[in-house]
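Per the UniProt record's numbering: the sequence shown ends with 538, consecutive numbering throughout.
Hints listed in this document are in silico derivations from the structure and should not be mistaken for laboratory results.
Possibly wrong hints are sitting among the right ones.
[Claimed, not checked] Derived CB-CB ranges, DEER-like: (1) GLN109 to ALA234: 41 to 51 Å; (2) LEU287 to ASP495: 22 to 32 Å; (3) ASP172 to ALA130: 14 to 24 Å.
[As the list claims (entries may be wrong)] 20 Å max Cα-Cα, derived EDC-like pairs, lysine to aspartate or glutamate: (4) LYS451 to GLU470; (5) LYS224 to GLU439; (6) LYS393 to GLU439; (7) LYS401 to GLU320; (8) LYS393 to GLU354; (9) LYS451 to GLU202; (10) LYS393 to ASP255; (11) LYS193 to GLU99; (12) LYS451 to ASP437; (13) LYS451 to ASP255; (14) LYS224 to GLU470; (15) LYS401 to GLU439; (16) LYS224 to ASP213; (17) LYS393 to ASP412; (18) LYS224 to ASP271; (19) LYS193 to ASP231; (20) LYS401 to GLU417.
Nothing here was measured: the structure is a model prediction, and the numbers come from that model.
Glycine residues also receive a C-beta, built at the ideal position from the N, C-alpha and C atoms.
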Amino acid sequence: MRWRRGGGTGLAPGTRWGVVLVLAAGLLLSGCRRESPPRAATSAEVRHGRGLFQRGQSPQGSPLTGFLGPERVELEGTVAACARCHGPSGRGSREGGVEVPDITPGSLQHSRAVGLEDIEDRARPAYTRATLLRAITEGRSASGRPLGVAMPRYALTEADADALLGYLQTLDAAPDPGLSTTTLTVGAALPLKGHLAPVGQEVQAVVRAVFADVNARGGIFRRKLELVVEDDAALYATAASSAGADATARLLERDVFALVASLRPARLASDARLEQEGAPLVLPLPLEPGPPPDEGPVFFLYPEPSALARLAVQHLSSTEGPRLRRQPLAVVHPEDAAGRAWWEAVRAEAARRELATPLDWGPALEETETEPGPAPFAVLYTGTSEGLASLTKTLAARAMKVPVFAPAALADPRRPELTGGQVFFLSPMGLGEHAPDLEALTVFMDRHGLKPGHTAFQLGAYAAARVFVEAVTRAGADLTRAGLQQQLESLRDFDTGVSPPVSFGVNRRVGVQGAQLATLEATTGRLRAASDWIPLSP
1 MRWRRGGGTG
11 LAPGTRWGVV
21 LVLAAGLLLS
31 GCRRESPPRA
41 ATSAEVRHGR
51 GLFQRGQSPQ
61 GSPLTGFLGP
71 ERVELEGTVA
81 ACARCHGPSG
91 RGSREGGVEV
101 PDITPGSLQH
111 SRAVGLEDIE
121 DRARPAYTRA
131 TLLRAITEGR
141 SASGRPLGVA
151 MPRYALTEAD
161 ADALLGYLQT
171 LDAAPDPGLS
181 TTTLTVGAAL
191 PLKGHLAPVG
201 QEVQAVVRAV
211 FADVNARGGI
221 FRRKLELVVE
231 DDAALYATAA
241 SSAGADATAR
251 LLERDVFALV
261 ASLRPARLAS
271 DARLEQEGAP
281 LVLPLPLEPG
291 PPPDEGPVFF
301 LYPEPSALAR
311 LAVQHLSSTE
321 GPRLRRQPLA
331 VVHPEDAAGR
341 AWWEAVRAEA
351 ARRELATPLD
361 WGPALEETET
371 EPGPAPFAVL
381 YTGTSEGLAS
391 LTKTLAARAM
401 KVPVFAPAAL
411 ADPRRPELTG
421 GQVFFLSPMG
431 LGEHAPDLEA
441 LTVFMDRHGL
451 KPGHTAFQLG
461 AYAAARVFVE
471 AVTRAGADLT
481 RAGLQQQLES
491 LRDFDTGVSP
501 PVSFGVNRRV
511 GVQGAQLATL
521 EATTGRLRAA
531 SDWIPLSP
């Protein structure tokens, strides 16, 4: 444009200067244009990113992969999870002389100046989406400086990158569902209709009472505990255990933080959903036996029956090893999954300890077509209390004076055949000097007007609520699901008040690892300790 005196441009002088100012402003703004604010992540992306950050796993189960140091040592899954170093809340730490930075939005979205105590220049501008992704995948800060070798360089798909960056935006807010500054929402899947409704109602009442005591003291870090219950009666009326149509999924849809004391089989199809969400389930009350997992978000109180079978073989091997190398054990079990697991546990443990190969007597001794041969050293039985009583009669008829070992759940005082001292029950609940002091529980039940009912389930619910409260308290104010799971894994010898001490671990999901031998007293109908505590070997 050429400037001439007069109106050569066709614009009035004031208008011409207005155009110049607009053009200049446009040039200035184009020179300092900022990256547009990142879009808010969808709920699906946040869930996806939470899995990567907290557990190192995508919703599809694909592990997060990172490479450490110039040697590019591969890390995968849990050990690669961001929360392992930066913490479940992303606030970092300064432990062992290593500073792990705060990566919450409040920190990353502000520039950093050189600190007075900084040995090296660690100043940087605020992170943008692009520079944050570069830091995660290439290990370079917003200033372009290489990050420390302790920071993995992650391999991310585009979907993983979007999800992880989206989740990082939420870290200043509550990082997990069911969590606010004032409330912690916990779920329980319980039958509220049908023949199991009384059990479900009693379990719910015990958990609510424990939570009420906690809330009366101000909650946990000022958060009140809120219990949400979904009716799981349909689980026991259909084949839902295999189809996954149980209440756990509905509770997760209601954004509960964790689950506690759910009544259920040992395993459900919905456990995969718990794994994907990273939502812990604390001490469910199993209605059906089954092997618990060694890892994952579900934590159990007592060992399942096949673990007790292993314990019986271990105990007999340690006390009668030489005889058991010559004289086998016999096993009586139903032909269902639990029965086969019992048989396989005995067979495998005997082989491991180089004992004589056990005899498989099948569902019942009287149904065998041929004579069982020489008497075994002992019989290990699982099934029903009626079947156990029948077995003792058959052994007596065949003059086989051998001990019988069975789970304590089969100790029925209405069956006199079980009270003669021939049957030894395997009890993980603690008897004699190992029995818990129930005085505090009695005071608790009286204070809340709770009556004894299905006692085993009431005790289990009380233990579950106590363990949950303890782990949440240890996790601190910056609570996350991953942080809760870490605290559960670190729990050692915790006294529930109604069970032997509870301990978990990274690869240990059963809190009580041991049992005692017990006999059933005819006069009182109670179990009496017949041995000291027997720890279960791995």
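Right, here's what the structure says about each hint:
Between GLN109 and ALA234 the beta carbons are some 47 Å apart, a value that agrees with the proposed interval 41 to 51 Å. In this structure, LEU287 and ASP495 meet the distance hint of 22 to 32 Å, their C-beta atoms being roughly 26 Å apart. Checked against the given bound of 14 to 24 Å, the beta carbons of ASP172 and ALA130, roughly 21 Å apart, stay inside it. This hinted pair does not check out: LYS451 and GLU470 have alpha carbons roughly 25 Å apart, beyond 20 Å.
Taking the CA atoms of LYS224 and GLU439, the gap is near 26 Å; set against the 20 Å cutoff, the hint is violated. With a C-alpha separation of about 39 Å, the suggested pair LYS393 and GLU439 falls outside the 20 Å cut-off, and the hint is violated. Restraint check for LYS401 and GLU320: the C-alpha separation of about 17 Å stays at or below 20 Å, so the hint holds. The suggested pairing of LYS393 with GLU354 is violated, with an alpha-carbon distance near 31 Å, which exceeds 20 Å.
A C-alpha spacing of about 9 Å is found between LYS451 and GLU202, which places the hinted pair at or below 20 Å, so the restraint holds. In summary, the hint linking LYS393 to ASP255 is not supported, as the alpha carbons are separated by about 54 Å, beyond the 20 Å threshold. A distance of roughly 54 Å separates the Cα atoms of LYS193 and GLU99; the hinted pair therefore is violated under the 20 Å criterion. As the CA atoms of LYS451 and ASP437 are separated by approximately 18 Å, the hinted pair is consistent with the 20 Å bound.
For the hint pairing LYS451 with ASP255, the CA-to-CA distance comes to about 32 Å; that exceeds 20 Å, so the pair is violated. The straight-line distance between the Cα atoms of LYS224 and GLU470 is roughly 14 Å, inside the 20 Å bound, and the hint therefore holds. Between LYS401 and GLU439, the direct Cα distance comes to roughly 40 Å. Violation of the 20 Å bound is thereby established for this hinted pair. In summary, the hint linking LYS224 to ASP213 is supported, as the alpha carbons are separated by about 10 Å, within the 20 Å threshold.
With a C-alpha separation of about 15 Å, the suggested pairing of LYS393 with ASP412 holds against the 20 Å cut-off. Proposed proximity of LYS224 and ASP271 is contradicted: the alpha carbons are some 27 Å apart, above 20 Å. Distance restraint check for LYS193 and ASP231: the Cα-Cα separation of roughly 7 Å lies within the 20 Å cut-off, and the hinted pair is therefore satisfied. A hinted pair counts as satisfied when its Cα atoms are at most 20 Å apart, and LYS401 with GLU417 qualifies at roughly 14 Å.
The structure fails hints 4, 5, 6, 8, 10, 11, 13, 15 and 18 (numbered hints given earlier, in ascending order).
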